[in-house]
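Please build the complex by placing chain A on the supplied structure of chain X, with the hints as guidance.
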Amino acid sequence: MSGDLSGPAPEERAMPTGRRNAQGFRIDPEAEAELDERRAVISALVDHEPGVLAKISGLFARRQLNIESLTVGPTVDDSLARMTIVVEEDEPGVEQAKRQLRKEVHAWSVREVDGAIERELALIKVDGDDPAGVAAVAEVYGGEAVEADEGVLTIELTGTEAEIDAAIEAFEQFGVREVARTGTAALRSGTQSTT
Amino acid sequence: MSKPQSTAEDTTPPSEMEYSDAEESTPKETTGAHSVVAALEQADVEITFGVQGGAIMPVYDALADSEIHHVSMAHEQGAAHAADAYGIVSGDPGVTITTSGPGATNLVTGIADANMDSDPVISLTGQVPQDMVGNDAFQETNTMGITAPITKGNIFASDPDTVGDDVGTAFALADSGRQGPTLVDLPKNVTQGATDVEPSEPTTPESYQVPDPKADEEIVSAAARALANAEKPLILSGGGVIKGEASDDLRQFAVEYGIPVVTTMPALGSFPEDHPLALEMGGMHGTGYANMALSHCDVLLGVGTRFDDRLTGGIETFAPEAEVIHVDIDPAEISKNIQADYPLIGDAGPVLRQLYKAMPGMPPADAWRERTQEWKAEYPMGYETPQDEAVRPEFVVEAMNEAAADDAIVTTGVGQHQMWAAQYWTYTEPRTWISSNGLGTMGYGAPAAVGAKLAAPDTQVVAFEGDGSFLMTSQAIAPAVREELDITVAILNNSYVGMIRQWQDAFYDERRYESEWGWGPDFAALAEAYGAQGLRAMGYDEIPDVIEEAYAYDGPSVIDFHIDPIADVYPMVPSGGNNAQFALTGDHL
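So the sequences go chain by chain: X and A.
Here the first sequence stands for residues 1 to 195, where the numbers follow the working numbering.
Here the second sequence stands for residues 1 to 589, where the numbers follow the working numbering.
If we strip away everything but chain X, and leave its shape as in the complex, we get (with noise of 0.2 Å):
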């Protein structure tokens, strides 16, 4: 072959007036890229095996999904764990999120559980200055004292992620020590099977 590399320049040359939004959609070139996030409850059954935990919270790390909780426990079948994963993510996301878990050789199988049963557990440590008012916003919430000790209450509660986040914030008059929460577990409702 010979003759050098020729050819009109960039400028001269016939363009596409198409354009892709970053999420590889076709777009009208005039609008903009908008991206909602959405929040998605995942549930997927594992093989309870030592190593699975690190492996799937290892795939989201690397693939940037925002994890906004992760819980897991033994279900019904000794081999198999429960995975429930709430991720915070726009709609390929989400999408991406199901499809790298279903690849995982340790995933049986995985759902996004729209509109399931959902509860988390928290224990909020309080400052018991104001037992009896304490008593009155834990009943609000569904919430009992499951120690009083030294000027401080220990309340157990149950309930959606958002109940939790509002009854922390109603706590929060008396001051609020520490929390530890579970993170979601959902479950499908009825005969309904989750996964």
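Hints in this document: simulated from the structure, not taken from any laboratory.
Heads up, a few of these hints could be off.
Only some residues are given here: those of chain X computed to face chain A with a beta carbon under 8 Å [said to hold, decoys possible]: (1) S6; (2) G7; (3) A9; (4) N21; (5) A22.
We put the beta carbon where it would ideally sit given N, CA and C, even for glycine.
Leaving out everything else, chain A in the frame of chain X:
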């Protein structure tokens, strides 16, 4: 992690394995290591690549009694690349056997490389005995943790009775669905431990699901209609076409319906580059005509490609007017980078045959085909060769190609030489381009040539390397000599880390910091020191003779081609740029 029960000291020596066939009910007592080797034999493994070491000694000892040929590489990274290339050329998984600790960590680059290119490679790594795991024992490393993100799956073998099945599972997993690397970590007490269980038929774990090879018929029909109505249809052939043995299907489809074909780098050879419909490689250093076609097409059929950033350039300007039909066996690749209007999850060959049948007619693409030919004339690939000036690297690639057999296999390192080898060698058959496409591992070429030659002993193998790239793994010449492999390594020596120098000139005010070494080894003398043939070419007049000499030599040859030190790779789409605005010279950047 559960605390393992150790039997490190309490093992049955291999000498006690004598088998009496007097009573068939007496099972043969053997060791975990023999189970590992039995599993390899069951998988029809003929060659393994590796390096001996303490924790893996039981496996090597068992391998000594097997017909399987083991190639001792000089470095574990080279073993991984050799096994990787062996897998690409043969289509069967390549296997490495290495020890724990550094034996495993040295493999990591090679495993990551295989993972990026979806190559089936099985790594068997030694590990300290289970009762020492977690105690920071000598040559202990958390191989499972380190390799989890870069393997399709990895398995910690915990029992001599099941270790053979673990190896079988690693095989099945590496080779099913979207191929990829797998690893089995082998604690020494497991390989030394006694067992009377023979490995069973390899299977993938029940939890691992591979999609159906055929795609959804309704989406196939819709995609076929879109393609048949397209005025500017284009096929983008990806590495999955080669892995799925679908090159013939793709060729038939493109030719029957008159659709031009762009290939990604790993797909070089999936469509013959001497065919009029071939627009060759697209992307960063692709041809101008491939990138114009990608930018202007109205329906794009991407097969077995993950729409890598080196191909797409900026997402916003990639095929911006095209409806995208995306065929892939991995559902997670669909719409990962480019939104698929027609997602076709399935195996490249079967889905292409489905599409072939579903096409309602020929796309009305006469004008488009003509336009692609005009682009070929408008943006030709080429270079000048004034005989009194420094040698153009493109000329070396073409001269090597012309003198080589038609079915020769090319391996490469990473850098400028890799791009010239991609651009100026004419690829017409699958599995003839063996390169580090995704990870970009400098030094891949020489050890890959070792693996490629062992996979295809009767086929010519040419490795292109750069001076910087070759320095990273030049010790691979040692096993090439030991194994008496007839390979040719062509070093395009510009006395620079050339791709970095090119980018520094273009994007860093020509500050050639640490890309200009000013001194390099005498590669011909280095080759001779290894016992290979060492050759050198300083000018155009010497090139034909050294190529002839190297090709005629029955053994490894290394040619040190001194080339124009400041030759650049063009065309070029800068990182994240618009494919249609590829630069033909530095002035365009």
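Against the structure, the hints come out as follows:
A cut of 8 Å between beta carbons decides the hint on S6 (chain X): the least distance to chain A is about 7 Å, and the hint holds. Residue-level restraint check for G7 (chain X) holds (minimum Cβ-Cβ distance to chain A is 4 Å; threshold 8 Å). With a least beta-carbon distance of about 6 Å to chain A, the hint placing A9 (chain X) at the interface is held under the 8 Å criterion. For N21 (chain X), the shortest C-beta to C-beta distance to chain A is roughly 7 Å, which falls under 8 Å, so the interface hint holds.
Given the 8 Å rule on beta carbons, the hint for A22 (chain X) holds: about 6 Å separates it from the nearest Cβ of chain A.
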